[in-house]
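Here's the letter readout for the chains.
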Amino acid sequence: MELWLFIIIGAVAIIAAAMMLISENAIYSALFLILNFACIAFFFLMLNAAFVAMVQIAVYAGAIMVLFLFVIMLLGAERVLPEAQPRFRWLTPAAIILALVFLAVSTLAIIKGEIDLTRPKLEEPMVRAVHAVDGVPAVDVYLDGEQVARNVAFGEASSFESRATGRYDAQIFPAGADPETDDPLAEYPVNLVPGVTLSLAAIGNAQEPELVAVTEDLGQVDDKDALRVVAINALHGRMAIDVVDDTDSGNRRALVENVPYGKASDVIEIEKDTYNIGVYPAGSSRTRLMGIDDEDLEAGTAVLWIFTEQRQDDNSYTSTIVNLETDARPPFGSPAHVGQLLFSRYVLPFELVSLLLLVAMIGAIVLTHERLAPRRRFVRRLANVPAGLERSLPGETGD
Amino acid sequence: MEASEVSIELYVLLSAILFIMGTMGVLLRRNAILIFMSVELMLNAANLALAAFARQWGNGDGHVMVFFVMTVAAAEVAVGLALIVAIFRTKKSIDIDDLHLFRG
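These protein sequence lines map, in sequence, to chains A and B.
Mapping of the first sequence onto the working numbering: residues 1 to 399, in sequence order.
Mapping of the second sequence onto the working numbering: residues 1 to 104, in sequence order.
There may be inaccurate statements among the hints.
[Claimed, not checked] Chain A side only, calculated, beta carbon under 8 Å to chain B, not exhaustive:
1. Phe6
2. Ala13
3. Ile40
4. Val55
5. Ile57
6. Ala61
7. Gln207
8. Ala336
9. His337
10. Pro349
11. Ala360
To be clear, the hints were calculated from the coordinates, so they are not data collected in a lab.
For glycine and all other residues, C-beta sits at the position ideal for the given N, C-alpha and C.
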């Protein structure tokens, strides 16, 4: 089905291009070119490039071709007068032969080249740090002595950073410590593989801090009404917990069960809704240890919950929930995806292209500008010339 | 991303064919505006290849490149058509065979 669609639209695209080339009238050529652009926009859609397809229609087939048609009509240049003999008669056969040779060579290169095109490239691993250590105001996190996050406050997360693939020793320090001389609060070996998104969560208390590496899934959520949730048990009592959906008290539903201390649950997908989430000791539904009430969970996000406790001055513990929400990666080729790329990795090229457009705008004005200013200066000079002389002066007669 | 029925070779081949047609237009037509439109066709053929490879590698960089190519094409069209209008004013023709300043 898709192949047939490709063949039909491809044939239309090639025929439109050919008609554009052989039309004597430039207006018809422009219209055939618009048809060709529409076909290419269709191919962009087939290639999961929705944003590019829309820009193709709006900017190319719309704005640019309207400009072409406008200039053709403005100049009345629909057709170039047929000249008795073209200046380069040998050019036509030479161009056709060269084109056929080029086509043959490129076809051979594409089909027989045995280029390995099937290997999908995974994205670089990403890592961030989450601080949930009771009794430490802020932490720095290092991977093999290289700083990942600086001064992360309690309950906060650093932003995701990409790191090269490989094995690292993740270390967590109190904020401002020198990794060369000071002892880390905790260490944890991590293995970064391509495509993985890792959250290094520091849990526990100042005496016994621990690092938990949670693999998060920021990939596109397939169901558009769903989101991903992962929970970490960091309760100081070190009991295993269940995380239960308490929204409807008559019909409780365990989201994740039996998460031991210092471990992360599996990543689960749930529907977007307003939830009451309760945390219970594993297997029991009587004592609600803590909970999040009336929590709006939005679709297309990845949520990380860390259930922990903070020690108060009177040695009692209050339960604390670190609730971190990250947007899942937008679908491939969507406007959000292209926009994110443009505003992260391609800011400088984007600025340069904007500058280029500005220069082109000024260039268009300068090129088509009627050169009035110099002529007026010339006329002003003429006024000083004695009468009768001006006709003999060389120069502008005006047209 | 699910595998597609249409392999990337077909897209690249189509892109090569369109590119060559654009080249032929540049070489063979004498109307300056048509030459310009052929250049647009070549740019679009390149865009098609870029989008095809972007899908193949699951990498959005190709889409950003397509976006940049479109922007540059817009700039080029603005300047190019301004040039054509300026030439038409002096030569009263946009036949490129008429645009020889040096006799020879």
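Right, here's what the structure says about each hint:
{"no.": "1", "hint": "Phe6", "in the structure": "holds (5 Å)"}
{"no.": "2", "hint": "Ala13", "in the structure": "holds (7 Å)"}
{"no.": "3", "hint": "Ile40", "in the structure": "holds (5 Å)"}
{"no.": "4", "hint": "Val55", "in the structure": "holds (6 Å)"}
{"no.": "5", "hint": "Ile57", "in the structure": "violated (11 Å)"}
{"no.": "6", "hint": "Ala61", "in the structure": "violated (10 Å)"}
{"no.": "7", "hint": "Gln207", "in the structure": "violated (45 Å)"}
{"no.": "8", "hint": "Ala336", "in the structure": "violated (10 Å)"}
{"no.": "9", "hint": "His337", "in the structure": "holds (5 Å)"}
{"no.": "10", "hint": "Pro349", "in the structure": "holds (6 Å)"}
{"no.": "11", "hint": "Ala360", "in the structure": "holds (4 Å)"}
Checked against the numbered hints given earlier, this structure breaks hints 5, 6, 7 and 8; the rest are met.
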